[in-house]
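There are 2 protein chains.
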Amino acid sequence: MTIDFNHLEEVKIDGFKGGKGELCMRSFADEKCRIMHGVLRPGASSGLHCHSENSEILYVLSGAATFYCDGEQEIVRPGQVHYCPMGHSHYMENNETEDLVYLAIVPEHH
Amino acid sequence: MTIDFNHLEEVKIDGFKGGKGELCMRSFADEKCRIMHGVLRPGASSGLHCHSENSEILYVLSGAATFYCDGEQEIVRPGQVHYCPMGHSHYMENNETEDLVYLAIVPEHH
Chain S
1 MTIDFNHLEE VKIDGFKGGK GELCMRSFAD EKCRIMHGVL RPGASSGLHC HSENSEILYV
61 LSGAATFYCD GEQEIVRPGQ VHYCPMGHSH YMENNETEDL VYLAIVPEHH
Chain C
1 MTIDFNHLEE VKIDGFKGGK GELCMRSFAD EKCRIMHGVL RPGASSGLHC HSENSEILYV
61 LSGAATFYCD GEQEIVRPGQ VHYCPMGHSH YMENNETEDL VYLAIVPEHH
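From first to last, the protein sequence lines stand for chains S and C. First residue of the first sequence? That's 1 in the numbering used here, and the numbers climb one at a time after it. First residue of the second sequence? That's 1 in the numbering used here, and the numbers climb one at a time after it.
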């Protein structure tokens with residue numbers, strides 16, 4: 001199956017998972033995987049959340065993501081992956097002056 | 001956790017899963033996810049395989065991938081995702097004259 005994000009509806013979310021600012025998301029989901037293309041605006045963030053039965057793999061396409069994973073800060077740049085394994089918690093911020101554009105996968109491990 | 005593929009060893013594989021030609025792979029794996037950066041040479045392919053307990057999400061970074069998923073052909077281009085859900089079979093070919101560069105995730109669904 002081919003997923004072309006340009007053919008998926010863009011949804012604007014204000015304060016993703018309790019964060020602040022705007023996230024523009026195009027996503028596909030079935031029972032096992034969510035596959036998302038996201039644009040997080042400068043100054044925006046997601047709220048802290050735990051991946052109790054799934055994990056998250058986020059590949060930065062442009063901009064930079066500041067993650068806090070189990071309380072540790074990491075800055076993830078284009079071509080790098082942030083991985084939040086199952087059972088761990090994280091949130092992200094866009095502390096740059098340009099959009100953070102990313103691909104994210106949330107697979108269920110059950 | 002940040003995964004920087006430039007810090008992972010590149011492994012050259014001849015005939016990935018019974019395919020032909022060269023695949024250059026940098027990969028991270030734990031019990032739940034394999035996260036890979038691959039370069040499939042022009043004319044190279046992977047062999048047909050089934051994702052019985054996992055799935056595969058492959059994002060094309062450059063070049064183009066020709067997939068055969070459950071016998072159906074699809075051509076996947078930069079910015080698009082090929083998704084092989086759990087229980088399905090696929091293989092890919094690089095039928096172009098340039099390298100196929102991709103990010104692939106294989107999450108376990110158990």
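Derived by calculation from the structure, the hints in this document are not laboratory data. Careful: at least some of the hints might be erroneous.
Here are the simulated EDC-like cross-link-like pairs (lysine to aspartate or glutamate), alpha carbons at most 20 Å apart as the crow flies [what the hints assert, rightly or not]:
1. C:32 with S:31
2. C:32 with S:98
3. S:20 with S:98
4. S:32 with C:30
5. S:12 with S:98
6. C:32 with S:30
7. S:32 with C:31
8. S:32 with S:108
9. S:32 with C:70
10. C:32 with S:108
11. S:32 with C:98
12. S:32 with C:108
13. C:32 with S:70
14. C:12 with C:98
Since the structure is predicted, the reported quantities are computational estimates derived from the model, not experimental observations.
Against the structure, the hints:
1. For a cut-off of 20 Å, the pair hint linking residue 32 of chain C to residue 31 of chain S stands: about 17 Å separates their Cα positions.
2. Between residue 32 of chain C and residue 98 of chain S the CA atoms are separated by roughly 33 Å; this puts the pair beyond 20 Å, and the hint is violated.
3. A distance of roughly 16 Å separates the Cα atoms of residue 20 of chain S and residue 98 of chain S; the hinted pair therefore holds under the 20 Å criterion.
4. Restraint check: the Cα-Cα separation between residue 32 of chain S and residue 30 of chain C comes to about 18 Å, which is no more than 20 Å; the hinted pair holds.
5. About 17 Å separates the Cα atoms of residue 12 of chain S and residue 98 of chain S, which keeps this hinted pair within 20 Å; it holds.
6. Using a Cα cut-off of 20 Å, the hinted pair residue 32 of chain C and residue 30 of chain S holds, with the two alpha carbons roughly 18 Å apart.
7. A C-alpha spacing of about 17 Å is found between residue 32 of chain S and residue 31 of chain C, which places the hinted pair at or below 20 Å, so the restraint holds.
8. For the suggested pair residue 32 of chain S and residue 108 of chain S, the alpha carbons sit about 5 Å apart, so the restraint of at most 20 Å is met.
9. Distance restraint check for residue 32 of chain S and residue 70 of chain C: the Cα-Cα separation of roughly 18 Å lies within the 20 Å cut-off, and the hinted pair is therefore satisfied.
10. Distance check on the hinted pair: residue 32 of chain C and residue 108 of chain S sit about 10 Å apart at the alpha-carbon level, within 20 Å; holds.
11. Straight-line distance between C-alpha atoms of residue 32 of chain S and residue 98 of chain C comes to about 33 Å, which puts the hinted pair past the 20 Å bound.
12. Taking the CA atoms of residue 32 of chain S and residue 108 of chain C, the gap is near 10 Å; set against the 20 Å cutoff, the hint holds.
13. With a CA separation close to 18 Å, the supplied pair residue 32 of chain C and residue 70 of chain S stays within the 20 Å bound.
14. This hinted pair checks out: residue 12 of chain C and residue 98 of chain C have alpha carbons roughly 17 Å apart, not beyond 20 Å.
Hint check: violations occur at hints 2 and 11; the rest are consistent with the structure.
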